[in-house]
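Residue numbers (the working numbering), protein chains in the order written: chain A, 1 to 776; chain B, 1 to 153.
It should be emphasised that the hints constitute simulated quantities derived from the structure, not laboratory data.
Here a beta-carbon is modelled for each residue, glycine too, at the ideal position from N, C-alpha and C.
Some hints could be false.
[To be verified] Computed, partial: chain A to chain B, Cβ under 7 Å:
| # | residue |
| --- | --- |
| 1 | G530 |
| 2 | K571 |
| 3 | L577 |
| 4 | R578 |
| 5 | L580 |
| 6 | C582 |
| 7 | I588 |
| 8 | G592 |
| 9 | V594 |
[What the hints assert, rightly or not] Within a straight-line C-alpha distance of at most 25 Å, the following computed SDA-like cross-link-like pairs (lysine to any residue) qualify:
| # | chain 1 | residue 1 | chain 2 | residue 2 |
| --- | --- | --- | --- | --- |
| 10 | A | K231 | B | D39 |
| 11 | A | K231 | B | E24 |
| 12 | A | K571 | B | D98 |
| 13 | A | K606 | B | V76 |
| 14 | A | K571 | B | Y28 |
| 15 | A | K571 | B | E100 |
| 16 | A | K571 | B | T110 |
| 17 | A | K231 | B | I26 |
| 18 | A | K571 | B | L105 |
| 19 | A | K571 | B | R27 |
| 20 | A | K278 | B | M73 |
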Amino acid sequence: MNECGESADSRIRTKQGALQSRLDRRFSAETAMEELDEIFSEFLIEANEVLDQFDRDMVELEKDPSSRTLLDGIFRGIHTIKGTSGVLGLDKLVSISHVGETLLCRMRDGEMRLTPESTTALLAMSDSLRQVLGAIAASGSEGDGDFSALIRLLTSLLDPQHTSSEPAAPSTDLPAANQSMAAAALTPAQDPPPETAPPASVKTETAREQKDLGGDALGNTIRVDVTLLDKLMNLVGELVLARNQIMQLTSVQTEPALTGAAQRLSHITSELQSSVMKTRMQPIGTIWHKLPRLLRDLARGCGKEVELITEGAETELDRTILEAIKDPLTHVIRNAVDHGIETPEQRSRNGKNPAGQLTLRAYHEGGKVNIEIRDDGAGVNLDAVKRKALERRLIEPGEADRMSERELLSLIFQPGFSTAQQVTNISGRGVGMDVVKTNITKIGGTIDLQSTPGQGTTLTIKIPLTLAIIPALIVTSASNRFAIPQVSLVELVRLEGEAAAHAIEYIHNTPVYRLRGTLLPIVYLDQELGAAARQTKEDGQAITIVVLQTESNVFGLVVDEVNDSEEIVVKPLGNLLRGLSCYAGATIMGDGRVALILDVMGLAQKARVVGEQRTRTTETVVEKTQMDMELESWLLADLGGARRVAIPLDRVHRLEEFPASAMEWSGNQSVIQYRGEIMPMISVAQLLGMARISEPAATMQATVVSRGDRRYALLVDRIVDIVEQQIVVDPSRKTALCAGSAVIEEHVTDVLDVEGIIDASLFHTAELLTAQAGSC
Amino acid sequence: MAHQMCTFVLDRLLFAVEVERVQEVIRYQDATPVLTAPDSIAGLINLRGQIVTAIDLRRRIGLREREQDARPMNIVVRAAEGAVSLLVDEIGEVVEVDPESFEPLPETITGSMRTTTSGVYKLEHALLHALDLAATLQISAAPDGHLSKREAD
């Protein structure tokens, strides 16, 4: 063991000497209590860093067992922990690290070789050390964890080659520890007593080794408390606001010296802001470091071979974001290894390299950070997804067949979904991809899944660089300013004059706007926030709609005015206001006043734009209507030639617009492919016996109605409106196709009998298209 | 032992809060209303870059509404919730009160006044209402005792 002691680095010695003297001083001065705390916390930070490095090196070493440099580093790390723990009187740490050190020492001296078993045991040791460190951090004591089994395991690994008493083992400077170790091997339940003091006489190591010693090498970096950085960030935020005010004030006067100074102030402030932002940035590699270890454990756990490739580890992110993506990322990787990558046998059978590849790639793009997690596994089994979704009642039987590949893939992010054939202890703990998605969405990120059967799966996470300063759109509503995070913004629609007067229509009581033919649910911001009832809009007054996107839905938010787009500093709301769902925080505007930041998701939920999972907006609206049909709602459509018809809205499934080119023929029936099925198209005008007046347009307006589980498209010239009223039908005009006529909005309107129309179209088709049906 | 209270006026009544809870007193500041918040929350103010919730104490305690053009003062107090500003009509002096002169509220007082005020100190010329800060800051979404009109503009 002498050799081991000798190789220990003199720097460690120096450090421990310094520690010892600081400790000694403690007894002379009462006030040194604080200093002791400081020593402990320094030790905790350092030990954790050493262990992280230990894990990484260990996994590396397993790949390259002959690397002397790695082994030296590993040994040194554990030696440092043991030595410092000894000085601080942390017995458990000493006893655990001691056995590991002995084992490592043998390897270093070439007496033993690294086996997978010993790697696993050594990694388990590092976990145990972490556990004790955690206990110290939490309670100040080493806790009551029992590590005798681990020590036994490590000791047993020492034994096979060197049975009974080998002469090299007892060393002069570590006698107590070694004897107790031997004792531990015999009576394994006992922890060996702590080592007394670190060895004193040591040869100096080469400069090379001193240089890469642990994390405490004198470099040009210093540790800074994160709260201090947060405070700096806050102050800089304030400085930016003060700068903005000064710039506003100086813009109206002409004193050149002052304008010049203001300009300089402005530049310096901007530079300071970006520098302070940078201090909070950390490379994503800091959270990737732990992955080799994780992957090794995972791969061994499921009997797979996985190779990790990382690209762009230097990509920087705000530390709060790093913190937030750590767990989701780990979960995704677990999933990739557990579900994605096949077993070596399967892979060989499919002509792939038996070792699977997991690629992590991070890069900046358009002010965001993209993180790609790609595996070359089997890809997502869509049939399994379908089966599982049906089993879990996430979708209806008929729905499954109509869903596109993308829609099926998105099911994976549904709560309560897991495709693992069996619940393993690696993934499938009931925490699914839905949690991953929620966590990513919470920080303003998006997640996207792409999968090629047999080729692998790629998951792309897009996240903002920072949460502290975000681009936002400033709007005014009910005389208040609000900031809307730019990430949720899709587009702005401004309607003036004639367009504004009739733009907002109502389905039952729900306002909607037709945005390029699709119904967009409308939410009035002032109403949602409970401001006084809005004054009735005068005709011709402009309407501003901010089109916003949440995870799965799009809706339009009507505001009074759109002011500007600005970078805002996000500040939390006090605890008193934490419960309010509509706000994500607050910010201070250029004039020093506070503006609230809208929480788009919360707002959508409050306005109930986001209904059940996955329902498309228009369907939600229609379904809602079907539920409470007290008043009758009618869809009005033009058939050309001043002929108007009304269709009961409860029969209308969707409104669609199809390009004329999409029309196809099936026998004598004109059809269109719609959501994976063949949907008959019924020309209402033709059925009603109207001659075609206008040339066929490039796009066809269709009302999709359903009967049983079939859907039919009723073609009309133009969809006019949706009205909600009790109508008086004149029954004398009743035919097989029409329930009668009524006057709606001053137009004589035929009220269509949807059943009759569908029957007639079927009959019609059978009779060949040339046969003309009688008019209403 | 006598202790010090920072006094203030609300609808001609004298109130007080322990002086060590007071962080600072600032002049009237336009608050940004939080529309969906309970009525007694007057809004948010910018205190040197920190966003502080302002509570309309008149509404919270259930007193009469302040006149439209009245400019209340802000007493910024330190609470478990962080800094919170209390809107009061006027700031009074810091007085030393004798614990002997303290008396709990009579049974006849009910409503928000009862929950937000721990009792009164009988001063020579007036009764000093001791604000129970912790209870005052327990603001639920339910409307307060006093029905108030929200600024509609």
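Going down the list of hints, with the structure as the test:
no. : hint            : verdict
1   : G530            : holds (5 Å)
2   : K571            : holds (5 Å)
3   : L577            : holds (6 Å)
4   : R578            : violated (9 Å)
5   : L580            : holds (5 Å)
6   : C582            : holds (5 Å)
7   : I588            : holds (5 Å)
8   : G592            : holds (6 Å)
9   : V594            : holds (4 Å)
10  : A:K231 x B:D39  : violated (32 Å)
11  : A:K231 x B:E24  : holds (20 Å)
12  : A:K571 x B:D98  : violated (42 Å)
13  : A:K606 x B:V76  : violated (32 Å)
14  : A:K571 x B:Y28  : holds (22 Å)
15  : A:K571 x B:E100 : violated (44 Å)
16  : A:K571 x B:T110 : violated (38 Å)
17  : A:K231 x B:I26  : holds (23 Å)
18  : A:K571 x B:L105 : violated (40 Å)
19  : A:K571 x B:R27  : holds (23 Å)
20  : A:K278 x B:M73  : violated (40 Å)
Consistency note: the structure conflicts with the earlier hints numbered 4, 10, 12, 13, 15, 16, 18 and 20.
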